[in-house]
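Undergrad: Sequence:
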Amino acid sequence: MNSTKKIILTLCLCFAVSAAFSQSAYINKVYDFRPAPGQFINEAPEYELGDTKSEIIKKVEEYIVNDQRSLVSLGAYGGYIIFGFDHPVVNVKGEYDFKIQGNAFTPSETAGEMTGGSSEPGIVCVSYDANKNGIPDDDWYELAGSEYFSTQTIQDYEITYYKPENIGDDIRWKDNLNNEGFVFRNTFHTQIYWPKWTNEEVLVFKGKRLADNYSIVENNGNNYYLQKPYDWGYADNLPNNSDESSFKIEWAVDKNGNSIDLLQVDFIKVYTAVNQSCGWLGESSTEIIGAVDLHPDALVSIEEIKDQSFTILSNPIKETLIIYSTQNQTVDLYNIQGKKLYSFSLSEGNNYIELGNLSSGFYILNKQKVVKQ
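Quick note on the working numbering: the sequence shown kicks off at 1069 and runs consecutively.
Keep in mind that the hints were calculated from the coordinates and are not lab data. One or more of the hints may lead you astray.
[Unchecked claim] Ranges of calculated distance between the beta carbons of each label pair, as one might list FRET restraints:
hint	residue 1	residue 2	range
1	S1214	G1347	21 to 31 Å
2	K1296	S1415	55 to 65 Å
3	S1428	K1097	18 to 28 Å
[Unchecked claim] DMTMM-like, lysine to aspartate or glutamate: derived pairs with alpha carbons at most 25 Å apart:
hint	residue 1	residue 2
4	K1167	D1207
5	K1121	E1312
6	K1276	E1226
7	K1161	D1197
8	K1167	D1135
9	K1276	E1248
10	K1242	D1206
11	K1386	E1422
12	K1316	D1135
13	K1435	D1334
14	K1296	D1206
15	K1264	E1226
16	K1121	D1135
17	K1167	D1100
18	K1127	E1269
19	K1316	D1329
20	K1097	E1129
21	K1126	E1269
22	K1161	D1329
23	K1276	D1243
24	K1437	E1422
25	K1435	D1119
26	K1161	E1318
27	K1274	D1206
Beta carbons are placed, not taken as given, at the ideal position from N, Cα and C, and that holds for glycine.
Please work from the sequences and hints to get the whole structure.
TA: Printed below as a string of structure tokens:
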């Protein structure tokens, strides 16, 4: 059998396995939630006396995993969430890879004038689990949206929030540009705005800051805050039914702005990207209600594999473990208790290993997690 036919056969087998054990299109896990102060903090999700951070994260999961679609607020500038799916999100070149759902809506027109409109943009970053430990501690790459190269975007921004002496007071902040101000309380939300589950006296956040996107519009004697959306590339920026609320992994750039070719990503981070107060509306805060993998059964093709020792092409496994290896090598299979079960000798190219007698469950193959159905 020639190499072209082998590749076609392998890909057919991979998609057949994937179709038989479909992966969820929705968020599966929240790894971290660290909001900045804001008018929805301690409400979305709701804090209950004694809640720890881990308990709050569980509540966040209850709000947004499996398409629950309840609103979670990230608070003022810098507040963030990190989440993932039950599988890596594959970079399908030329297509949107995932959508982040928020509560943005576009401006409306009344008597020929623009009123309302809510865009509270959040910057999106992605990470690949390079060390295969299942936690988001590898490098992060920003998805470069429409404002990435704008001269109005502040590249290295840092803000510090100070816990007030009287916990019900406005919350003071100061940034690295010698600006200072407050996250102001309003009459709509009277709870404490400082995250009640943390003992921290200051909260520090770093990242990029987008330019303010609001203006005040007068209509029939009333003032409206018009929060105009950016063109594309930000969470909670445009309505969920818009293509521009979707994201492409191929937008990823490193800290120097160089494009990064990621085959897939395991973790997604969203943080509030503006530092602005809109009067009676309060601070701008990115909110999300969920996220969707737009092609959950996609697999990385053999032609895309670069600089990887080996890639598991059949995961979950039913009978046959299919591995593409870039070299001759030996790999070890462990159970989740760390006991080595088998050693496999791989040759360069496709390898087919029969595991029909292996019990169902989770296993580790050279630090990569595999599932036996």
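Undergrad: The structure should be examined with respect to each hint, and the outcome stated for every one.
TA: Evaluated hints:
no., hint, result
1, S1214 / G1347: 21 to 31 Å, "holds (26 Å)"
2, K1296 / S1415: 55 to 65 Å, "holds (58 Å)"
3, S1428 / K1097: 18 to 28 Å, "holds (21 Å)"
4, K1167 / D1207, "holds (22 Å)"
5, K1121 / E1312, "violated (32 Å)"
6, K1276 / E1226, "holds (8 Å)"
7, K1161 / D1197, "holds (20 Å)"
8, K1167 / D1135, "holds (12 Å)"
9, K1276 / E1248, "holds (17 Å)"
10, K1242 / D1206, "violated (29 Å)"
11, K1386 / E1422, "holds (9 Å)"
12, K1316 / D1135, "holds (21 Å)"
13, K1435 / D1334, "holds (15 Å)"
14, K1296 / D1206, "violated (34 Å)"
15, K1264 / E1226, "holds (22 Å)"
16, K1121 / D1135, "holds (22 Å)"
17, K1167 / D1100, "holds (19 Å)"
18, K1127 / E1269, "holds (23 Å)"
19, K1316 / D1329, "holds (11 Å)"
20, K1097 / E1129, "holds (6 Å)"
21, K1126 / E1269, "holds (24 Å)"
22, K1161 / D1329, "holds (10 Å)"
23, K1276 / D1243, "holds (12 Å)"
24, K1437 / E1422, "holds (17 Å)"
25, K1435 / D1119, "violated (34 Å)"
26, K1161 / E1318, "holds (7 Å)"
27, K1274 / D1206, "holds (17 Å)"
Consistency with the previously given hints fails for numbers 5, 10, 14, 25, ordered from lowest to highest.
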